[in-house]
Amino acid sequence: MQSIFRGKHFITLQEWTREEIDTLLEVSGDLKLDFAMDVPTPYLLYKTIFLMFFEQSTRTRNSMEAGIAQLGGHGNFLDTSTMQIAHGEVAKDTAVILSRYGHGIACRNCSWGIGNKYLRDMAKWSSAPVMNLQCDLYHPMQGIADLLTIREKVGDLKRCKVSVIWAYAKSHKKPISVPLTQVLLFPRYGMDVTFAYPQGYELPDWAVNQAKENADRHGGSIRITNDMEEAYTGANIVIPKNWGSWAGKSNVDPNELLERNRGWKCTERMMTLADRNVLYMHALPADRENEVENSVIDGPRSIVYDEAENRLHTAKAVMTLTMGGK
Amino acid sequence: MQSIFRGKHFITLQEWTREEIDTLLEVSGDLKLDFAMDVPTPYLLYKTIFLMFFEQSTRTRNSMEAGIAQLGGHGNFLDTSTMQIAHGEVAKDTAVILSRYGHGIACRNCSWGIGNKYLRDMAKWSSAPVMNLQCDLYHPMQGIADLLTIREKVGDLKRCKVSVIWAYAKSHKKPISVPLTQVLLFPRYGMDVTFAYPQGYELPDWAVNQAKENADRHGGSIRITNDMEEAYTGANIVIPKNWGSWAGKSNVDPNELLERNRGWKCTERMMTLADRNVLYMHALPADRENEVENSVIDGPRSIVYDEAENRLHTAKAVMTLTMGGK
Amino acid sequence: MQSIFRGKHFITLQEWTREEIDTLLEVSGDLKLDFAMDVPTPYLLYKTIFLMFFEQSTRTRNSMEAGIAQLGGHGNFLDTSTMQIAHGEVAKDTAVILSRYGHGIACRNCSWGIGNKYLRDMAKWSSAPVMNLQCDLYHPMQGIADLLTIREKVGDLKRCKVSVIWAYAKSHKKPISVPLTQVLLFPRYGMDVTFAYPQGYELPDWAVNQAKENADRHGGSIRITNDMEEAYTGANIVIPKNWGSWAGKSNVDPNELLERNRGWKCTERMMTLADRNVLYMHALPADRENEVENSVIDGPRSIVYDEAENRLHTAKAVMTLTMGGK
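As you go down the protein sequences, you meet chains A, B and C in turn. For what it's worth, the working numbering labels the leading residue of the first sequence as 3, then goes sequentially. For what it's worth, the working numbering labels the leading residue of the second sequence as 3, then goes sequentially. For what it's worth, the working numbering labels the leading residue of the third sequence as 3, then goes sequentially.
If you're looking for bench data, these hints aren't it; they were derived computationally from the structure. Do not take every clue at face value.
Under the rule of at most 27 Å between Cα atoms (straight-line distance), these lysine-lysine pairs were calculated in the DSS-like manner [said to hold, decoys possible]:
| id | chain 1 | residue 1 | chain 2 | residue 2 |
| --- | --- | --- | --- | --- |
| 1 | C | 94 | A | 94 |
| 2 | C | 176 | B | 34 |
| 3 | A | 94 | C | 176 |
| 4 | C | 94 | B | 34 |
| 5 | A | 172 | B | 175 |
| 6 | B | 267 | C | 155 |
| 7 | A | 175 | B | 94 |
| 8 | A | 94 | C | 155 |
| 9 | C | 34 | A | 10 |
| 10 | A | 34 | B | 94 |
| 11 | C | 172 | B | 176 |
| 12 | B | 126 | A | 34 |
| 13 | B | 34 | C | 267 |
| 14 | A | 160 | A | 94 |
| 15 | C | 119 | A | 94 |
| 16 | C | 10 | A | 94 |
| 17 | C | 176 | B | 175 |
| 18 | A | 155 | B | 94 |
| 19 | A | 126 | C | 94 |
| 20 | A | 176 | A | 119 |
| 21 | B | 176 | A | 267 |
| 22 | A | 34 | B | 34 |
| 23 | A | 94 | C | 267 |
| 24 | A | 176 | B | 176 |
| 25 | B | 155 | C | 94 |
| 26 | C | 34 | B | 172 |
In silico contact screen, one side only, chain B against chain A (beta carbon under 7 Å); selected entries [what the hints assert, rightly or not]:
| id | residue |
| --- | --- |
| 27 | 74 |
| 28 | 76 |
| 29 | 99 |
| 30 | 119 |
| 31 | 123 |
| 32 | 127 |
| 33 | 208 |
| 34 | 210 |
Backbone N, C-alpha and C define an ideal beta-carbon position, used for all residues, glycine too.
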């Protein structure tokens with residue numbers, strides 16, 4: 003078991019070893035139990051973290067801000083109206099100064115081609131751990147919560163069939179960070195991942211290659227398909243969710259490409275193709291009746307609220323280990 | 003004395019019994035004394051509450067956020083720029099998830115025909131107590147602070163003559179929740195309530211009927227009049243305040259209706275009609291020189307700051323009882 | 003040593019005696035050591051302060067909000083979107099009510115001719131200490147952090163040659179509060195201050211006169227010049243920074259006046275005129291390549307991050323003494 007975490011950045015789970023992630027899951031489970039029993043967990047008493055949001059958020063912001071408070075510390079919530087980035091403040095200045103003022107920096111910046119670079123730049127200069135609250139490439143907070151949720155529901159992760167499936171949405175363009183994180187992470191736990199999307203919604207080649215390496219090394223598998231029905235068939239877990247053609251090589255107009263694929267919806271009918279105990283997951287907010295039928299997301303196979311709740315416990319575990327750990 | 007409150011919603015005082023409200027007043031008084039003596043009151047240590055504001059606020063936001071901090075907990079301040087309601091987040095999703103992340107949800111939503119429904123919807127799905135920070139119909143946080151203030155000033159509430167009076171204002175349209183809460187609540191404490199307004203500013207019939215029932219049951223009384231002078235005459239307490247013709251049956255244009263009633267102002271002259279120890283109250287912010295003459299609101303009969311201060315102590319009492327109580 | 007501070011306003015250092023400022027520096031140093039050693043300093047446990055910002059801020063907001071949290075208390079962050087000033091809330095109402103809700107009020111209001119008056123008005127009515135987070139005239143939080151930084155770097159402040167120098171900037175018009183605070187404060191510690199700017203960027207006469215009095219009384223000196231090179235020559239500390247011609251008597255168009263003085267930049271060449279151990283300071287955010295060459299602000303003579311860090315420790319000292327002190 004890995005036990006040295008203090009100061010470790012949390013930018014992508016790819017940079018955390020299996021043992022480190024195992025510890026993170028253990029700590030998450032412990033914090034969840036304590037929360038249920040109303041046992042105080044002031045592991046970060048009087049500690050402060052800066053929560054920088056370049057985009058709106060509900061689960062991430064609230065799980066982090068409530069989480070650090072439940073740990074006895076405080077999070078300064080900063081959005082674009084309260085940061086001086088526009089006034090010539092470079093990442094270096096922000097990182098050096100905020101890390102001197104407190105014990106952690108967490109940041110959401112999903113701008114394509116910018117977000118991850120910004121986080122890396124912060125990490126280079128910060129004297130405190132930098133946490134990724136979603137960038138253009140990764141969403142490790144979501145990934146770790148998903149992993150905890152699946153482990154709680156199915157127990158043994160080995161050979162668990164999980165399908166990460168593109169879905170149609172009318173709402174704002176979603177980053178690829180959630181599916182990218184999932185296809186990288188799940189094979190490391192021996193899961194059999196099916197990754198399904200219409201042509202034009204490919205992930206970058208380096209990401210797919212890394213996912214395959216992860217599968218090879220850890221005994222999981224990756225199957226890529228453009229056939230939605232294939233992805234549902236026999237699945238234990240389905241995660242249908244929209245993402246944009248950010249990384250795609252398609253020459254088709256993005257709006258036309260999107261409308262062409264309205265059929266990619268998680269329906270009751272699709273769910274009948276899956277394993278009879280199949281579970282439905284979504285990072286939320288879902289585009290109801292576009293990504294998914296209400297009867298599915300509100301139905302007995304849906305575990306979206308358990309998944310959302312685990313964002314709290316895992317966020318607290320990440321902060322506890324990196325900001326307060328040994 | 004009622005002592006079981008944990009998890010009880012605080013949407014309207016109408017759903018709290020007299021005994022429950024009595025306990026709330028006792029706890030408010032206790033917390034006020036402790037605050038004055040600088041005695042720590044960490045009754046909600048490491049607990050978290052979500053403070054959702056669909057409209058701006060000064061007293062409510064600050065009394066809640068400072069209040070929970072003084073109780074050892076933390077409030078996540080959320081306004082429309084930091085909630086994902088616009089991104090397809092329904093009340094159910096918000097309520098389930100936030101209540102799993104923390105120990106209470108408080109919300110201001112004054113949209114006519116929407117606010118109270120939204121709160122009820124939240125309460126239906128929330129596993130934590132839901133608190134009303136003002137909706138289109140009720141403002142129980144203001145009501146309980148007003149009641150505490152009056153009790154502190156006049157002692158015996160029975161037969162206390164309180165006049166809730168419409169007043170002209172130039173500033174933004176005010177909801178009916180403050181007067182509606184007052185005419186429902188005060189008769190329950192044996193007060194003689196005069197409710198005065200120009201034609202067109204009626205409250206909904208159901209509210210008036212409920213107020214009369216409250217008076218009948220508890221020994222108070224309700225008198226309704228369109229004569230401002232009658233309302234001031236002999237009053238122990240006057241509460242002149244603007245509200246919109248939200249619930250009115252008037253066919254007159256709202257702006258014309260408003261301008262026609264510029265004479266409904268709390269003046270020095272009006273105050274001379276009242277009891278010689280009359281007290282002036284206002285929930286603030288007041289539209290100075292429109293609702294009230296400066297010499298009245300800043301004068302010796304005004305208790306607006308004591309009334310405002312009691313928002314803190316009563317808010318802390320509501321949180322302590324519902325989030326941390328037995 | 004001065005030890006009675008509770009309730010003392012912090013609007014300008016001019017109203018704090020040398021002994022009081024000495025104590026403030028001592029406490030700052032102590033809090034800095036404790037922070038370095040991770041020793042808890044819950045001197046303001048469960049105490050609350052209101053942080054009112056009429057303008058954006060990074061260092062000030064974060065040093066205050068993280069600072070109060072590290073002291074065990076909580077800061078309510080309020081910006082213009084969350085204050086009801088626009089709805090007819092006068093300074094008196096705000097000050098009376100917020101001071102009854104908590105233990106301190108801190109405010110940034112840089113509007114020329116308004117900011118300081120607003121703070122004075124708040125202080126008149128507040129029952130809690132009022133702290134200036136920068137107004138149109140003063141920035142005592144920056145001044146005290148600068149003083150601590152210089153003392154840490156040069157040890158003996160007597161006869162230390164510090165040059166406060168105007169610099170060209172493209173970005174938004176800066177208030178005069180930083181240089182005004184510095185020229186008032188530094189002479190009180192026996193420093194030899196050179197104050198340099200192009201014609202049109204004068205400080206108000208009363209400020210210069212007060213600075214000279216301070217120099218006469220405490221053994222420092224003030225030299226005023228319109229020659230940039232003279233200001234760099236032999237300096238131990240240089241603080242080149244833009245400010246607007248707010249108080250100037252110039253009849254020239256402000257934009258023309260500004261562009262005419264593009265040459266007022268802190269360059270490597272200028273730095274060679276100074277003492278060989280010269281230190282470069284800036285309150286940040288700097289207008290890079292306009293106020294200063296990157297090679298200077300990022301170079302070995304720059305102490306801007308140490309200066310910025312001290313904003314945290316001094317802010318905590320101000321709060322500890324005025325809100326929690328004897």
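* **Cut-off 7 Å, beta-carbon criterion: hint that residue 123/B touches chain A** => violated, 14 Å
* To do: Compare the distance between the alpha carbons of residue 155/B and residue 94/C with 27 Å, and conclude whether the hinted pair is satisfied.
  => holds, 23 Å
* Satisfaction of the residue 99/B interface hint, Cβ to chain A closer than 7 Å -> Constraint on residue 99/B satisfied, holds at 5 Å.
* **Hinted pair residue 175/A and residue 94/B, Cα distance within 27 Å** => Holds: residue 175/A and residue 94/B sit about 24 Å apart, inside 27 Å.
* Asked: Would the pair residue 172/A and residue 175/B pass a check requiring their Cα atoms to be no farther apart than 27 Å?
  -> Status violated; Cα separation ~35 Å.
* Measure nothing beyond the straight line between the CA atoms of residue 34/A and residue 34/B; if it is 27 Å or shorter, mark the hint as holding. => Roughly 35 Å separates the two Cα atoms, so the pair is violated.
* residue 210/B as chain A interface residue, shortest Cβ-Cβ below 7 Å -> violated, 39 Å
* **Restraint status (C-alpha distance of residue 176/C to residue 34/B at most 27 Å)** => violated, 43 Å
* Restraint check, 7 Å cut-off on beta carbons, for residue 119/B near chain A -> Given a least distance of 19 Å, the restraint on residue 119/B is violated.
* **Pair hint residue 34/B and residue 267/C, alpha-carbon separation not exceeding 27 Å** => Outside the cut-off at roughly 56 Å; violated.
* Asked: Does residue 119/A lie within 27 Å of residue 176/A when you go C-alpha to C-alpha?
  -> holds, 19 Å
* Given hint residue 94/A paired with residue 10/C - CA-CA distance at most 27 Å -> Since the Cα atoms of residue 10/C and residue 94/A sit roughly 37 Å apart, the hinted pair is violated (cutoff 27 Å).
Comparing the model with each numbered hint stated earlier shows that hints 1, 2, 5, 6, 11, 13, 14, 15, 16, 17, 19, 21, 22, 24, 26, 27, 30, 31, 32, 33, 34 do not hold.
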